[in-house]
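In case you want the letters, here they are:
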Amino acid sequence: MRDGRRTWSIVGLTAPAYLWLTLAVFLPLSAMLYFSFLTQVPFGGREASLTLQHYRTFWELDFYPLLTWRSIKLGLHVTAWCLVLGYPAAYALARTVKGRWRESLFLLVILPFWSNSLVRVYSWTIVLRSDGVLDRLVQWLFPGAGPLNLLFSYPAIVIGLVHAFLPYMILTTYVALQSIDERLLEAAQSLGARPWTVFARVVFPLSLPGVIAGVVLIFVPVIGVFMEPRVLGGRAGTMLGTVIEEQFVQAFNWPFGAALSFILLAVVLLLLAVFYPFLRGRRLV
Amino acid sequence: MRFLGGVAGRAYLALMLAFLYLPIVVMVLMAFNRSSLYTLPIEWDLIWFRSLLHNQRLLQAGLNSVLLATATMVVSTFLGTLAALAFHRYEFRGKALLQALLLPPIAIPWLILGTAMLIFFFWVGIGRGLHAMLLGHVALSLPYVVMVVGARLKGFDRTLEEAAYSLGANPWQTFLRVTVPVILPGVVAAGLFAFTVSFDMFVVSYFLAAPGVATLPVEIYTAIRTGLTPEINALSTIIIVVSMGLMLAVARLYNFAGDK
Amino acid sequence: MGGRFRGALTACLVVLLLAGGAAAQPTLHVLNWQGYGSDEPWAVEIFEQRYGVRVVHDYFSSEEELLTKLRTSPGVYDVVLPNTVYVPIAIREGLLEPIDPSLITNFADLDPTLQWVPEFMDGDDLYAVSWTWGVTSFAYHTGRVAGPVDTIQALWDPQFAGRVGWWDDSLTSVQLAALATGQDPNNPTDLNAIRDKLLALKDQIQVLWTSEDEWNRFLAAGAFDIGVYWSGSAARTQKFFGLPVEFVIPQEGAMAWLDGWAIPKNAPNRELAHKWIDFMLSPEFYVRWDTEVGAPASANLAAMAQLPEDSFNRQVLADPAVVERLVFMKPIAEEQRVRYLQLWQEVKFRFTL
Numbered sequence: 081m082r083d084g085r086r087t088w089s090i091v092g093l094t095a096p097a098y099l100w101l102t103l104a105v106f107l108p109l110s111a112m113l114y115f116s117f118l119t120q121v122p123f124g125g126r127e128a129s130l131t132l133q134h135y136r137t138f139w140e141l142d143f144y145p146l147l148t149w150r151s152i153k154l155g156l157h158v159t160a161w162c163l164v165l166g167y168p169a170a171y172a173l174a175r176t177v178k179g180r181w182r183e184s185l186f187l188l189v190i191l192p193f194w195s196n197s198l199v200r201v202y203s204w205t206i207v208l209r210s211d212g213v214l215d216r217l218v219q220w221l222f223p224g225a226g227p228l229n230l231l232f233s234y235p236a237i238v239i240g241l242v243h244a245f246l247p248y249m250i251l252t253t254y255v256a257l258q259s260i261d262e263r264l265l266e267a268a269q270s271l272g273a274r275p276w277t278v279f280a281r282v283v284f285p286l287s288l289p290g291v292i293a294g295v296v297l298i299f300v301p302v303i304g305v306f307m308e309p310r311v312l313g314g315r316a317g318t319m320l321g322t323v324i325e326e327q328f329v330q331a332f333n334w335p336f337g338a339a340l341s342f343i344l345l346a347v348v349l350l351l352l353a354v355f356y357p358f359l360r361g362r363r364l365v
Numbered sequence: 343m344r345f346l347g348g349v350a351g352r353a354y355l356a357l358m359l360a361f362l363y364l365p366i367v368v369m370v371l372m373a374f375n376r377s378s379l380y381t382l383p384i385e386w387d388l389i390w391f392r393s394l395l396h397n398q399r400l401l402q403a404g405l406n407s408v409l410l411a412t413a414t415m416v417v418s419t420f421l422g423t424l425a426a427l428a429f430h431r432y433e434f435r436g437k438a439l440l441q442a443l444l445l446p447p448i449a450i451p452w453l454i455l456g457t458a459m460l461i462f463f464f465w466v467g468i469g470r471g472l473h474a475m476l477l478g479h480v481a482l483s484l485p486y487v488v489m490v491v492g493a494r495l496k497g498f499d500r501t502l503e504e505a506a507y508s509l510g511a512n513p514w515q516t517f518l519r520v521t522v523p524v525i526l527p528g529v530v531a532a533g534l535f536a537f538t539v540s541f542d543m544f545v546v547s548y549f550l551a552a553p554g555v556a557t558l559p560v561e562i563y564t565a566i567r568t569g570l571t572p573e574i575n576a577l578s579t580i581i582i583v584v585s586m587g588l589m590l591a592v593a594r595l596y597n598f599a600g601d602k
Numbered sequence: 003m004g005g006r007f008r009g010a011l012t013a014c015l016v017v018l019l020l021a022g023g024a025a026a027q028p029t030l031h032v033l034n035w036q037g038y039g040s041d042e043p044w045a046v047e048i049f050e051q052r053y054g055v056r057v058v059h060d061y062f063s064s065e066e067e068l069l070t071k072l073r074t075s076p077g078v079y080d081v082v083l084p085n086t087v088y089v090p091i092a093i094r095e096g097l098l099e100p101i102d103p104s105l106i107t108n109f110a111d112l113d114p115t116l117q118w119v120p121e122f123m124d125g126d127d128l129y130a131v132s133w134t135w136g137v138t139s140f141a142y143h144t145g146r147v148a149g150p151v152d153t154i155q156a157l158w159d160p161q162f163a164g165r166v167g168w169w170d171d172s173l174t175s176v177q178l179a180a181l182a183t184g185q186d187p188n189n190p191t192d193l194n195a196i197r198d199k200l201l202a203l204k205d206q207i208q209v210l211w212t213s214e215d216e217w218n219r220f221l222a223a224g225a226f227d228i229g230v231y232w233s234g235s236a237a238r239t240q241k242f243f244g245l246p247v248e249f250v251i252p253q254e255g256a257m258a259w260l261d262g263w264a265i266p267k268n269a270p271n272r273e274l275a276h277k278w279i280d281f282m283l284s285p286e287f288y289v290r291w292d293t294e295v296g297a298p299a300s301a302n303l304a305a306m307a308q309l310p311e312d313s314f315n316r317q318v319l320a321d322p323a324v325v326e327r328l329v330f331m332k333p334i335a336e337e338q339r340v341r342y343l344q345l346w347q348e349v350k351f352r353f354t355l
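Residue numbers (this note's numbering), protein chains in the order written: chain A, 81 to 365; chain B, 343 to 602; chain C, 3 to 355.
Incorrect hints may appear among the rest.
[Unchecked claim] Distance ranges between label pairs, derived from CB positions:
1) C:VAL325 - A:TRP139: 43 to 51 Å
2) B:SER377 - C:TRP44: 16 to 24 Å
3) C:ASN268 - A:LYS153: 53 to 61 Å
4) B:VAL349 - A:GLY224: 53 to 61 Å
5) A:GLU127 - C:LYS267: 36 to 44 Å
6) C:ALA195 - A:LEU349: 37 to 45 Å
7) A:LEU113 - C:TRP118: 44 to 52 Å
8) A:ARG281 - B:LEU357: 22 to 30 Å
[To be verified] In silico lysine to aspartate or glutamate, EDC-like type, Cα no more than 20 Å apart, as pairs:
9) A:LYS153 - C:GLU337
10) C:LYS332 - C:ASP192
11) B:LYS496 - A:ASP261
12) C:LYS204 - A:ASP142
13) C:LYS277 - C:GLU95
14) B:LYS437 - A:ASP83
15) C:LYS267 - C:ASP102
16) C:LYS241 - C:ASP41
17) C:LYS267 - C:ASP280
18) C:LYS277 - C:GLU67
19) C:LYS267 - C:ASP111
[Unchecked claim] Heads up, incomplete: computed chain B residues facing chain C, CB under 10 Å, no partners named:
20) TYR380
21) GLN398
22) LEU439
23) GLN441
24) THR516
25) ARG519
26) VAL520
27) ALA552
28) PRO553
29) GLY554
Since the hints were made in silico from the structure, they are not lab data.
As the structure is a prediction and not an experimental result, all values here were calculated from the model.
Ideal Cβ placement from N, Cα and C applies to all residues, glycine included.
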């Protein structure tokens with residue numbers, strides 16, 4: 081009797097969320113998988129049949145695999161920069177800043193999330209273009225230096241993405257660093273460890289779950305981006321994300337877009353399969 | 343040595359914050375620039391704030407975003423808190439699987455989720471529009487809600503609940519008088535998270551937007567591509583000022599409620 | 003728990019209700035390029051007040067996008083603006099409705115050669131009414147480029163390396179490359195030569211623009227000096243944005259396009275759509291559009307006659323030698339269109355290598 085009630089409790093509490101996820105995530109993903117095997121869109125008076133052609137097209141030219149690799153590289157670059165820039169910031173916030181300041185600075189780090197991401201990306205075009213903010217600053221400091229035109233290039237995309245995703249890394253790392261027990265550090269120091277050793281052997285390993293969470297939160301969205309490459313990249317802005325988007329918006333070739341999406345998904349899942357044990361071990365979910 | 347570390351740390355943080363705020367400062371300054379082509383130097387003027395009041399499209403998109411984000415916040419927090427409670431209270435077979443199923447919305451690029459939703463909703467007849475976007479936004483924010491509330495619950499001592507039971511309280515009273523107050527900060531934080539996810543969500547909204555029904559990010563992207571005016575900067579400036587105010591208010595509340 | 007649930011449901015309902023929107027007044031949904039005349043505030047105001055309706059615009063930044071919007075939003079738009087290449091595709095897919103010219107008073111004033119254009123027809127039915135025609139070519143900033151420029155190869159000239167703006171559109175790219183390699187832009191035979199010619203733009207292109215607005219913004223900011231552009235838009239850039247540009251129809255020739263208003267199948271306001279088309283064709287609208295803002299040539303001869311002598315259209319397009327160099331765009335087969343899309347996507351990717 082008690083057991084039955086317990087089961088109903090569990091079902092009642094979890095069913096709503098998971099039904100919603102089924103309708104909004106799992107069924108759509110299945111539908112997209114099915115679509116990727118169709119010759120064309122199966123509505124609007126069109127006849128569609130099953131085919132492997134879309135997946136074959138991916139491998140036929142070198143263009144699509146190279147494109148996928150380009151997007152993966154973008155993900156790696158952006159994640160690496162976020163790590164290099166964000167970890168010290170989180171460390172400084174967690175360990176060298178105290179009290180009221182810490183809360184205020186933490187809020188300041190989060191606040192950019194509340195400004196519209198598109199306008200922020202667009203503002204980067206004003207900063208990075210020739211005769212933009214940065215160019216004028218450089219001209220003012222070093223008169224006679226050549227024009228600085230960072231816009232419509234790969235670095236511009238990386239800068240825009242690092243800027244958008246940096247707070248994620250700072251946040252997750254900060255949370256992990258903050259939860260490290262002070263006593264562990266004191267113990268290590270009392271055993272004669274030098275500051276660097278304390279960091280390398282105690283602090284960093286304990287902060288790893290936060291770092292990994294940050295890496296996942298950044299890498300996954302970045303390899304699928306299309307908006308930032310479009311706005312900031314110009315002729316350097318072709319990524320797998322933009323090509324997939326074009327299949328849906330321009331070419332009306334949804335099945336091919338679905339196939340490309342699934343290939344991208346396979347890449348992501350492969351990489352995450354490597355990291356999942358670390359995440360689960362630390363019970364982040 | 344310690345002192346140097348402190349100064350260096352603070353200096354580095356200042357540098358990072360400068361980087362984070364550079365485009366925001368530019369965005370705000372351009373709201374006051376008369377030039378409609380975003381040319382420098384800045385000619386100070388308030389015309390964009392005035393003309394913003396007449397821009398029906400932009401205002402409607404802004405309103406849609408706020409309403410959608412609020413609805414997402416309410417639904418997502420509700421569903422996610424329930425699930426988090428189940429995970430906290432019970433051990434059961436399949437729990438690990440269910441927890442793993444919360445990962446797809448985070449572990450799958452939004453582009454893939456957005457296009458998958460477009461395909462499925464279009465095919466099945468759900469169509470596009472605010473209702474479709476609500477479906478998507480809630481699904482995307484659910485894992486975060488479960489995580490944040492779950493983290494809060496982890497620190498929650500069951501013995502408090504048991505004490506309440508032993509004093510004669512029924513499950514309802516226990517829930518309302520003991521559990522809720524303790525997890526409330528977590529729920530509020532999760533709610534804000536969900537609101538933010540929805541309010542700033544571009545990719546999924548882009549694919550699920552119907553003609554004439556857009557959210558602010560989608561409208562701004564269309565504007566960037568077809569015709570951008572600094573009215574958008576004016577609106578964004580207003581939004582960030584309001585968010586700053588809200589953020590400060592929430593921070594105050596959080597502190598008074600006390601941590602731990 | 004109950005309270006929260008009810009609150010949630012109400013919130014959802016509020017969202018849905020507001021999404022349903024206040025559709026008290028009849029609303030005309032127009033799908034067009036941004037900044038292409040129909041969304042001029044004064045024009046919208048005149049129409050709204052004359053007929054007591056609301057006019058809502060939606061935009062596309064390429065004809066391909068227009069097609070996708072037509073396919074994925076049946077029964078939403080009342081009137082759309084495709085060109086001669088895309089109307090046949092839309093007719094074939096059953097996306098358009100026949101138009102009744104008797105409901106359009108200005109139809110009689112149209113240039114006779116543009117009234118019953120074969121690409122706009124299927125049998126005896128007319129599916130699009132010619133509105134404006136113009137030229138796709140390129141324009142340059144006269145302050146930064148020493149003119150005159152008279153060849154399309156200028157876009158490939160190393161002196162303009164990193165100073166070129168290019169429209170992100172597959173069909174136009176193929177057509178321009180065809181002209182530059184001496185092929186028929188409506189039916190190029192050597193796609194490999196076209197691909198190579200486009201790849202040669204790698205060091206030339208600075209800006210891949212997708213809207214007139216971007217063109218103006220980036221030219222004004224000095225991001226590029228010479229770029230692919232449209233004739234009417236060049237007029238608008240000169241007049242409305244005050245930027246000194248010169249539009250070039252080079253010796254190799256240029257593509258001429260014809261835009262026509264069409265009514266999608268199951269349009270909610272068919273009669274109102276006809277009235278809109280009539281208004282768009284009227285001299286009342288066109289003359290003010292061209293003189294105050296800048297526009298391509300109108301298909302309405304009466305309207306064109308009312309333009310001042312020094313208008314851009316009368317000057318550039320009046321020269322018969324120039325008109326002879328124009329190649330009107332013809333429809334292409336679906337496979338061709340898809341092949342061009344893939345080619346352009348590949349070229350864009352190789353630009354990044």
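Given B:PRO553 was flagged as interface, is its beta-carbon under 10 Å from a beta-carbon of chain C?
5 Å, holds
So does C:ASN268 sit 53 to 61 Å from A:LYS153, Cβ to Cβ?
46 Å Cβ-Cβ, so the 53 to 61 Å window is violated.
Using Cβ atoms only, decide whether B:LEU439 comes closer than 10 Å to chain C, and label the hint accordingly.
26 Å, violated
Kindly confirm whether 37 to 45 Å is satisfied by the beta carbon distance between C:ALA195 and A:LEU349.
42 Å, holds
Regarding the pair B:LYS437 and A:ASP83, is the alpha-carbon distance no greater than 20 Å?
Answer holds: B:LYS437 to A:ASP83 is near 16 Å, not above 20 Å.
Below or equal to 20 Å on CA atoms is what counts here, so check C:LYS277 against C:GLU95.
This hinted pair is violated, its Cα atoms lying about 25 Å apart.
Report holds or violated for the interface hint on B:ALA552, using the least CB-CB distance to chain C and a cut-off of 10 Å.
With a closest approach of 7 Å, the B:ALA552 hint holds.
Given the hinted pair C:LYS267 and C:ASP280, is their Cα-Cα distance within 20 Å?
19 Å, holds
Does the structure keep C:LYS332 and C:ASP192 at a Cα separation of 20 Å or less?
Measuring from Cα to Cα gives roughly 18 Å; hence the hint holds.
Just to be careful: measuring from the Cβ of B:GLN398 to every Cβ in chain C, is the smallest value less than 10 Å?
9 Å, holds
Are A:ARG281 and B:LEU357 spaced within 22 to 30 Å by their CB atoms?
Distance hint for A:ARG281, B:LEU357 holds at roughly 28 Å.
Tell me if the interface restraint on B:TYR380 is satisfied: Cβ within less than 10 Å of some Cβ in chain C.
Holds: closest Cβ of chain C sits about 6 Å from B:TYR380, inside 10 Å.
Checked against the numbered hints given earlier, this structure breaks hints 3, 4, 5, 9, 13, 18, 19, 22, 23, 24, 25 and 26; the rest are met.
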